[in-house]
Amino acid sequence: MTPMVELRGVTKRFGAFAAVEDVSLAVRAGEFLTLLGPSGCGKTTLLRLIAGFETPDAGSVFLGDHDVTDTPPYRRNVNQVFQSYALFPHLTVRENVAFGLRMQKTPAAERERRVSEAIALVSLDGFEERKPHQLSGGQRQRVALARALAPRPEVLLLDEPLSALDAKLRQSMQLELKRLQRQLGVTFIFVTHDQEEALTMSDRIAIVNRGRIEQLGTAQDIYHAPATTFAAGFVGQSNLLPAELLARDEATVRVRMEGGLELQLPASCWPAAAKRVVLSIRPEKLHVSKTPVVAEISFPARVEEEIFKGAVDHLTLITDSGSKLEAVVANESALLEAIHRGDRVHCGLHADDLVVLRAD
Amino acid sequence: MSADDVTMMARRRPGWAAWLMLAPLLLWLAAFVVVPTGILAFYSFCQRDELGRVVFSFSPESYARVFDPVYLRIFGRSIWYAALTTLVCIGAGFPVAWFIARVSEKWRHRLLLLVMIPFWTSFLIRTYAWITILKSDGLLSALLQYAGLIAAPLELLYTPVAVVIGLVYTYLPFMILPIYSSAEKLDGSLLEAAHDLGCGPWRVFWEVVVPLTKPGLYAGILLVFVPAIGMFAITDLMGGARVPMIGNVIQNQFFQARDWPFGAALGVVFTLMFVVSYWLLQRRGAGATR
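Those sequence lines, one after another, are chains A and B.
Here the first sequence stands for residues 0 to 359, where the numbers follow numbering that gives the first Met the number 0.
Here the second sequence stands for residues 0 to 289, where the numbers follow numbering that gives the first Met the number 0.
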C-alpha cells in the first residue's frame, strides 16, 4: 500500500545547522504517528516540511503518489493545528472554521453544514459567534482542531497542540484526540516532547534526536526494545549502565558493569562482536526482595534511598561492588515485605528484560 | 491574566494619581486648544470694519461667505489633494512598513531609523531641497534631459503634481510608522495558518493582513489626511500659491486680507469637518478591532 506521507532522504539545514538530516519516513493511511523528541531535535521542522512551510535542501516529500516537494502549503491537502493555535483574531469561531472551506470554494449550503458538523465534533455548539479572545485556552484549542478538520484534509498535522493546556485538560484532550482520529480515520502526525502523550495516543512513535529518526515502532516496541540509549532514556525511565565483556563461553558471558558489578548472562543476549555495550534495565523489571530471589540474574544490594510515590516506592540501590541502580516496587502492605532505607535486599532480573544497546 | 481582566483594568476609572499625572497634558490642552478654539469660535461671529479691525457685534455673515462656491471649490480641492496624498502614502508606505515589520530585529531598528532620519532636519530646509530638485533647471530635469528622456526642461515646480509630491514626501513617515506598529504585532503563524488552509499569497493579504493591520492603517490615514488638508507651507513654496488650499486661504484672511472673522469662520468649519471625519473613522476602527 502506498504510504499516505513519505519522506525520502530529506535534509533541511538552517545555515550550518542541520535541523533534519537524511530522514526517511513512511506514514500509513489512517494511523496516528507521533514524532517524539526533545526541543530542538528537528521534529517541528519535519512537520513543517510535510506542511510545506519549509522546502528540503535534499530529498523529497510525497503525499500519496504525488511528489509535493515544491508544492506550496496552500496547494497541499494537509492541515495543521498550530502550537499557538493561530486563530484569526478578527473572525468568529464560525468564520475561523469556515476559512478553509471558503478557500476551497465549497458551496455556501454545504459549507454551513460542514462548519456546524466540525463545531459539533469538538463540542463547541453555542460558541459560534464568539471571537477567539472570548474563549478559554481549551476552547481555542478545539476551534483550531475544528478549523483544521473542516476542509477534510488527508493528513492532520499537530504541533504540540496540548502543551499550553493544564495537566487535567491535557489528559482529557489526549483521549479526545485519539477518539476523533479513530472516528474520522484521518492520518494524524503529532509532534510532542512529552513521552506520556506519545504513549497514550500513538499507533506508532518515531523517536527523533539530533535531526534523525532513532527508532520507529509501536509504543510497546520502543518501551520494551529500545534501539538506542537515547530511545531507552527518553521513553520511560531506564538504568543505562555501560558494560564490558570479561569472558565468554558457549552458554554464558561474563560482564562487568560500570561501578564494578559483575554478572553472568546468557550468551544469547550479547551481540556477537561487541566488547563494550550499554545495558538498559527498566526500574520496574528489577525484582527487589528481602529474601533471596530465584532468577536468571541475581545479585545483592543495599537500599540507599527510598521515595514514597503512593502506589509505588522508588528505590535507589547500591550493589556491593558499587553500581547504582534505580528500582520501582509496588507498595506492599505486609509489614514484613516493606523495604526501607538501609535494608539489605536481593535483586533478580530476567535475561529478557535486559536490553543490550550499542555503546555510542 | 486573561483578556477580560486586561479589558477590565483598561476600563477602570482613573484615580487622583492618574489625574495628577495627566495634569500637564490637560493644562496644555486647555491653554492651547480649548481656549484658542473658543476665541476662534467667538471671532467667527463678529464683523470687521473697513480698516480690518474686529467689531464685536453678532453676525452669522462670515459663515454665509464660507459657502460661497469659490471657497467650496478650494475646500473640495484641499480634500482631493489630501485624499490623493493619503492614497499614495498608503500605496508607497504599506509595503515598506510590512517589509520592516518582517525582517530580523537588527534590520528592523536600522530601517526604522532611516524612516525617521528626515525629522532631524528642519522641514523648511527639506522643502527647499525639493524645490532644488524639481525646478525647471533643477536636478531631476537635468538628469532626465541628460538621459535623453525629455527634450525640454521639466516644468514640474509650481504645479499640483509638485504639491502632491511635497505632501507625500512630508507625510509618508506618518503612514509608515503606525502601519509598521500594527504589522509588527501580527503573528507570523497566522499567515502560515491561512496558507495552510488553502489561501494563496494575494488572498492572504486581503483576508488576513489588511483586516489585522486596520488599526494602524486608520491611524496612518488620520495622521496624513488631516494635516495634509490644512497644509499651507508646501502649497505656498512648491505650488507657488497658484493652487491655493484651504490652509492658504485661512492664512490669507488673517495676514493679508485682515478679515479675522471670516478666517475664524473658515477655521471653525474646517475643524468641524475633522471632528466629524475623525468620529466616523473611530467608529469604523473600533468595529475593525473588536
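Hints may contain errors.
When the alpha-carbon atoms are kept at most 30 Å apart in a straight line, the in silico DSSO-like pairs for lysine-lysine are as follows [said to hold, decoys possible]:
no.: 1; chain 1: B; residue 1: K105; chain 2: B; residue 2: K184
no.: 2; chain 1: A; residue 1: K130; chain 2: B; residue 2: K213
no.: 3; chain 1: A; residue 1: K104; chain 2: B; residue 2: K213
no.: 4; chain 1: A; residue 1: K274; chain 2: A; residue 2: K289
no.: 5; chain 1: B; residue 1: K105; chain 2: A; residue 2: K130
Which chain A residues stay away from chain B? Per the calculated CB distances, all over 12 Å, these [claimed, not checked]:
no.: 6; residue: A28
no.: 7; residue: Q82
no.: 8; residue: D158
no.: 9; residue: E195
no.: 10; residue: G259
no.: 11; residue: V302
Source of the hints: derived by calculation from the structure; they are not laboratory data.
Please read all numbers here as calculations on a predicted model, not as lab measurements.
Positions of the beta carbon are idealized from the N, C-alpha and C atoms, including for glycine.
Which numbered hints fail:
4, 5, 7 and 8
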